[in-house]
Every structure is written in C-alpha cells, then in structure tokens.
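Read top to bottom, the protein sequences are chains A and B. When we follow the numbering used here, the leftmost residue of the first sequence carries the number 1, and every step to the right adds one. When we follow the numbering used here, the leftmost residue of the second sequence carries the number 1, and every step to the right adds one.
Rather than coming from a laboratory, the hints here were simulated on the basis of the structure. Glycine residues also receive a C-beta, built at the ideal position from the N, C-alpha and C atoms. Be careful, since some hints might not be right.
List time: in silico DSBU-like cross-link candidates among lysine-lysine, alpha-carbon distance up to 35 Å [said to hold, decoys possible]:
1) A/K80 <-> B/K207
2) B/K160 <-> B/K207
3) B/K6 <-> A/K30
4) B/K207 <-> A/K62
A partial selection of chain A residues facing chain B, derived with a Cβ cut-off under 7 Å [as the list claims (entries may be wrong)]:
5) E21
6) L23
7) G47
8) S72
One side of the interface only, derived from the structure: several residues of chain A facing chain B at Cβ under 10 Å [claimed, not checked]:
9) M1
10) K8
11) M13
12) E15
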Amino acid sequence: MRIKKGFKLREIMGEFAVIGEGLEQVNFNKIISLNSTAAYIWKEIEGRDFDADMVADLLLAKYDVENERAISDATALVQKLVENGLTE
Amino acid sequence: MGSLRKTYRVAGHQFSFVMEESSPLWRYIFRAYGPFEEENPADNLFTISLEESVSAEDVRQVYVDENPEPGFVKIAVYRYPKGYYMEFTQYDSDAINGKMTLGEGGDVRVTLYGDEMHQWMTFTNVTQVVYFIRTSTLDTVMAHSSAIHYGGKAYLFLGKSGTGKSTHSRMWLEGIEGAELMNDDHPIIRIGEDGIPIAYGSPWSGKTHCYRNIAAPVGAIVRIRQEKENVIRRLRPVEAYGSVMASCSGFPIEERFTEGKSNTLQKIIKGAPCWELGCLPNVDAAVVCRGAVCE
C-alpha cells in the first residue's frame with residue numbers, strides 16, 4: 001500500500017500531525033495527530049510502497065525493541081493509517 | 001465615456017479596478033471598497049479589468065468546487081500556459097456568472113454575466129479569490145469569521161455557515177460595553193513584522209454592510225459550536241492549527257500556496273490563543289467567552 005496523495009506531515013509547535021492539504025484531499029476535514037515514532041515512520045514510507053513488515057523493520061532499525069513488539073506496533077500503526085483513510 | 005481606475009488597500013495589500021466610468025458596479029464598489037481607497041496605485045498586487053469577452057486557450061481543468069457554500073459561487077479552475085482561467089457558476093444552477101483570467105503578474109481580466117446584482121456578487125467574489133491567491137505567500141490569510149474589536153484587540157469567531165458566528169458577535173455588541181463589529185464575514189489576518197498576527201477589516205463582510213478600514217492585534221480566535229450550555233476550552237496546538245486552517249482561504253493548486261498558508265497558520269497559532277466555545281445564542285455566551293479570552 002501507499003500513502004494517498006495530498007497528505008502532508010507537519011510539525012506544529014513541537015507536535016506532529018498529518019494534514020490533508022493538497023488538492024486531492026480538499027474534503028478531508030480532519031487532522032491526524034502522530035507521536036514522534038509514527039512521524040519517523042511516516043517520513044520513511046511517504047511516497048513508497050509499504051506494508052506492516054517494512055514498518056516493523058524500520059522500527060527495529062531505529063529503536064531498541066523486541067521483534068514481537070515491533071511487529072505488533074507496526075501492525076497497529078498501519079491499521080491506524082488505513083482506518084483514517086490515509087492509504088490506498 | 002472613458003474608463004476609471006480606483007485603487008484600494010486591504011491589510012496593506014494594494015489592488016486596482018479598471019472599468020467604464022458608467023459601469024453600474026461602481027456604486028456597489030464605492031460602498032464596500034470606498035473606506036479602503038488609496039490615492040497612489042504603486043506596488044499593486046493585482047489589477048482587475050472588466051472586458052467584453054474573456055477567453056483562454058490550451059486550458060486544462062485542475063479543480064472544481066464540489067460543495068460550494070450556499071450563496072457563494074461555484075468555482076472551476078483551469079490552468080493555461082500564462083496563468084489561471086476560472087469560471088464562476090451560481091451555486092444552485094449551471095448559469096455562468098463570470099469568467100476570469102489571472103496572469104502570473106497579477107493582471108486579471110473578467111467578464112460578467114447576468115443582472116446587476118449577480119454581476120456585483122461575482123465581481124466581489126472574483127476580487128476575494130484573487131486577493132487570497134495573491135497574498136497567500138505573503139503571510140496573509142482571509143479568515144471566514146465574524147470579528148469583534150474590543151479593548152484594542154480583535155476577537156475572531158470561526159464556524160461553519162449557520163453555526164452562529166454573526167449571532168455571537170451580536171451578543172458581544174449587546175452585552176459588552178466597548179465592543180464593536182470589525183467585520184462580519186471575511187476579515188484578513190496578516191503577520192506583522194514582529195511576528196504578531198494582526199486582524200484587518202475588509203470589503204468582504206457578507207450580508208452585513210460593515211466595511212471598516214481598521215486593524216488590531218488578534219486577541220483570540222474562537223471556534224463557535226452550538227451547545228446547550230456555554231462552555232469554553234483552550235485548544236491544543238494541533239487542534240488550533242486545524243481550527244484555523246479549516247476557516248482560512250487556500251488555493252491548494254500549487255505547493256507554494258499550501259506552504260505559504262501553512263507558514264502563516266503556524267505563526268497565527270503561535271501568536272494568538274485559540275479556543276472552542278460551545279454556546280447558546282445569548283448574552284451570557286459573550287460574557288463567558290470574554291471572561292476566558294480577554295486577559
């Protein structure tokens with residue numbers, strides 16, 4: 001899957017949020033808050049094909065976590081992206 | 001009969017209108033734009049001229065407004081090699097009210113259709129659209145809101161059409177001594193040199209004829225929501241950003257415009273506290289609001 005066009009990660013006074021600010025997302029009327037881990041993942045997967053395995057690898061590469069924890073966190077994050085309509 | 005040029009300055013940004021001296025539109029223009037008249041047409045951001053028939057070649061459609069607000073015109077945007085071409089259609093029919101070309105240098109040519117009233121509404125809509133496009137990279141946004149001037153500061157009330165922005169302003173006027181209406185539909189927010197967001201009156205005030213050429217630092221930006229009691233809370237930065245973003249003009253056709261808007265929004269929420277007010281249409285709502293937002 002991929003992040004849809006028109007979404008942008010912004011840092012707003014120290015907090016991260018995804019904003020539908022492009023032409024493709026003019027009717028996306030919400031803002032998705034991300035924590036700093038999710039923001040790191042977003043920057044890595046933006047504009048590329050990705051899946052939960054790839055996200056788990058990215059987590060393992062950056063954080064000192066157990067494999068199982070990385071997989072469950074990655075699955076939860078990907079699910080959040082899907083549920084909020086950010087992916088295609 | 002010759003043509004007449006008039007120059008106006010809104011939130012420090014200048015523009016001119018050029019059309020026949022005999023045009024019936026001048027009467028409307030003088031009323032809404034008169035307070036903003038400027039003698040010297042130097043450093044104009046754009047000039048709008050009326051023409052018999054505007055056209056553009058090699059156009060490519062880039063955007064159609066699917067959900068225009070009642071009363072506002074529907075806009076279709078096209079790109080052509082020298083700039084943008086737009087068609088303005090009545091929101092409840094397919095009748096074209098106006099066509100416009102906007103060149104890179106701010107040269108705007110407009111053709112209007114329909115009766116005098118529709119021509120005027122389309123003309124002032126065109127002016128609004130060109131204004132917010134041309135200023136979006138200049139630390140400026142047009143905020144769909146009703147604005148009160150009180151104690152040397154501006155208080156802006158945001159909300160979707162019908163939520164009671166104007167009603168809440170009226171509650172301030174009724175219940176709070178010294179409160180004055182600044183603008184009832186589209187005041188401008190521009191970031192001052194020291195980073196302070198400043199609100200300005202504008203010629204775009206909706207149904208209320210409130211065309212005041214005044215400015216004041218933004219005291220607070222309050223999103224209005226209908227509620228069964230009067231409650232107010234301060235918004236966190238991300239919420240504040242979302243609140244202001246949703247009510248400010250934008251032209252998401254090119255990245256420079258979305259970047260410009262984002263930069264301005266960041267400065268606005270840094271410089272002005274943002275709140276959400278759940279309220280009834282009563283004077284107590286204004287009292288509760290003032291108690292929280294005015295230091």
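Cross-check of the supplied hints:
1. A/K80 <-> B/K207: violated, 43 Å
2. B/K160 <-> B/K207: holds, 16 Å
3. B/K6 <-> A/K30: Not satisfied, since the Cα-Cα distance of roughly 41 Å exceeds 35 Å.
4. B/K207 <-> A/K62: Between B/K207 and A/K62 the Cα gap is close to 56 Å, so the pair fails against 35 Å, i.e. violated.
5. E21: Check passed: Cβ of A/E21 comes within 5 Å of chain B, closer than 7 Å.
6. L23: Holds, because the Cβ-Cβ distance from A/L23 to chain B comes to roughly 5 Å (cut-off 7 Å).
7. G47: Because about 14 Å separates A/G47 from the closest Cβ in chain B, which is outside the 7 Å limit, the hint is violated.
8. S72: Violated, because the Cβ-Cβ distance from A/S72 to chain B comes to roughly 26 Å (cut-off 7 Å).
9. M1: Interface hint status for A/M1: violated (24 Å vs cutoff 10 Å).
10. K8: Result: holds, 7 Å to nearest chain B Cβ.
11. M13: holds, 4 Å
12. E15: Given a least distance of 5 Å, the restraint on A/E15 holds.
The structure fails hints 1, 3, 4, 7, 8, 9 (numbered hints given earlier, in ascending order).
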